[in-house]
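Could you put together the complete structure from these sequences and hints?
Just so you know, the sequence shown maps onto residues -25 to -1, 1 to 307 in mature numbering (1 follows the signal peptide of the UniProt record, and there is no 0).
Simulated from the structure, these hints should not be mistaken for laboratory data. Some hints could be false.
[Stated by the list, open to error] Restricting the straight-line Cα-Cα distance to at most 25 Å, the calculated cross-link-like pairs of lysine to any residue (SDA-like) are:
{"no.": "1", "residue 1": "93", "residue 2": "38"}
{"no.": "2", "residue 1": "202", "residue 2": "230"}
{"no.": "3", "residue 1": "93", "residue 2": "192"}
{"no.": "4", "residue 1": "98", "residue 2": "84"}
{"no.": "5", "residue 1": "6", "residue 2": "98"}
{"no.": "6", "residue 1": "93", "residue 2": "75"}
{"no.": "7", "residue 1": "6", "residue 2": "89"}
{"no.": "8", "residue 1": "79", "residue 2": "166"}
{"no.": "9", "residue 1": "93", "residue 2": "158"}
{"no.": "10", "residue 1": "98", "residue 2": "30"}
{"no.": "11", "residue 1": "98", "residue 2": "76"}
{"no.": "12", "residue 1": "98", "residue 2": "192"}
{"no.": "13", "residue 1": "93", "residue 2": "157"}
{"no.": "14", "residue 1": "79", "residue 2": "59"}
{"no.": "15", "residue 1": "79", "residue 2": "65"}
{"no.": "16", "residue 1": "202", "residue 2": "271"}
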Amino acid sequence: MKTSFFTFITFTSALLCSTFPLSLSQRCNVKDQITLLRIKNSLGNPSVLSSWTSTSDCCNWRCVECDLYNDRIKSLTIYSGNISATIPDTLGNLPYLETLILRKLTNLTGQIPPAITKLSHLKTLAISWTNLSGPIPSFLSQLTSLTTLDLSYNNFSGSIPPELATLPNLESLHLDRNALIGPIPESFGNFTGKVPAIYLSHNLLSGTIPISMAQVNFTRLDLSRNKLQGDLSVFFGTNKTIETADFSRNMFEFNFSTLNEFPSSLSVLDLNHNSIYGSLPETLIGLELQSLNVSYNRLCGEIPVGGRLQNYDNTAYFHNRCLCGFPLPACF
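Put into structure tokens, the structure is as follows:
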């Protein structure tokens, strides 16, 4: 009887050790693991996701990060890889996801699926250097936890959704290097929450700067390489907080000499390749500019002496109508 009992205990212990070691030590939530395996299948089982197997802990998988407290998937970063697919709807079944980065996936096509709005905890959404196309969907405004939205280096077209200005926690908006058209939305002068750093360069945006943007204090603004027109004075003044301003390679046309006040925070100012006329304001002398470029405009007069204005080489000033003084040739 004793032998039979000992045999039973030994057999039971062996069974437990051989059958359940993975489940006892595995951190990954089973639902998250199933979802990730479905995502992998939808993406064509790419080699970059070869560590994603049903017999391993998904918290140890490449491209994945689990939360330390609840062991749910909080970050999914797929960077580079030969993935020829569209973004699967199953991505919306990772309810605790805070970071989603899909970058340098040049064969990733299609559009952003509505299912992504189920990711209510998402703070960072970065889909860049892909072949995604179509309009930027207005439903992204439903992702109210977003602090960073990066849709740069894609093939998105159409206009900028005005609803993006309603994102209450947005700190950084990158829509640069797409094929966006139309004007900058009026709503960008009335952000619901924080005023984000805005990057809209290398698009086909047109029209004038919305007057509503005059009431907003931006810190970083890149509108370069578009077809924007009109006046830029709405962004300047001693009450403003702008630090980096790149308005180069547009169609801006205004009298630069009428801008007599600049924010002390301004460190980068790029106005090259526009149709700006007048002279350089003397108030530029008082700025701690790290970078300045006013080349390829219609400026005239002597470059003010002082501050950092003589620290730049002639490429910061050349190809103007009649601008002169060091580092350009002397005025006569």
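Here is what the structure says about each hint:
Only pairs whose Cα atoms come within 25 Å are accepted, and residue 93 paired with residue 38 is accepted, the gap being roughly 21 Å. Under the criterion of a C-alpha separation no larger than 25 Å, the hint pairing residue 202 with residue 230 is consistent with the structure, at around 18 Å. For the suggested pair residue 93 and residue 192, the alpha carbons sit about 32 Å apart, so the restraint of at most 25 Å is broken. A threshold of 25 Å between alpha carbons decides the hint, and for residue 98 with residue 84 the separation of about 23 Å falls inside it, so the pair holds.
Using a Cα cut-off of 25 Å, the hinted pair residue 6 and residue 98 holds, with the two alpha carbons roughly 21 Å apart. This hinted pair checks out: residue 93 and residue 75 have alpha carbons roughly 13 Å apart, not beyond 25 Å. Distance check on the hinted pair: residue 6 and residue 89 sit about 21 Å apart at the alpha-carbon level, within 25 Å; holds. Pair hint residue 79 plus residue 166 does not hold up; C-alpha atoms about 30 Å apart against a cutoff of 25 Å.
A distance of roughly 30 Å separates the Cα atoms of residue 93 and residue 158; the hinted pair therefore is violated under the 25 Å criterion. Annotation: proposed proximity of residue 98 to residue 30 is violated, straight-line Cα distance about 30 Å (limit 25 Å). For the proposed pair residue 98 and residue 76, the alpha carbon gap of about 11 Å is at most 25 Å, so the pair holds. Proximity of residue 98 to residue 192 is assessed by CA-CA distance (about 23 Å); at most 25 Å being required, the pair is judged to hold.
A threshold of 25 Å between alpha carbons decides the hint, and for residue 93 with residue 157 the separation of about 29 Å lies outside it, so the pair is violated. A hinted pair counts as satisfied when its Cα atoms are at most 25 Å apart, and residue 79 with residue 59 qualifies at roughly 12 Å. Distance hint between residue 79 and residue 65 is fulfilled; the C-alpha atoms sit about 21 Å from each other, no more than 25 Å. At most 25 Å may separate the alpha-carbon atoms for a hinted pair to count; residue 202 and residue 271 meet this at roughly 16 Å.
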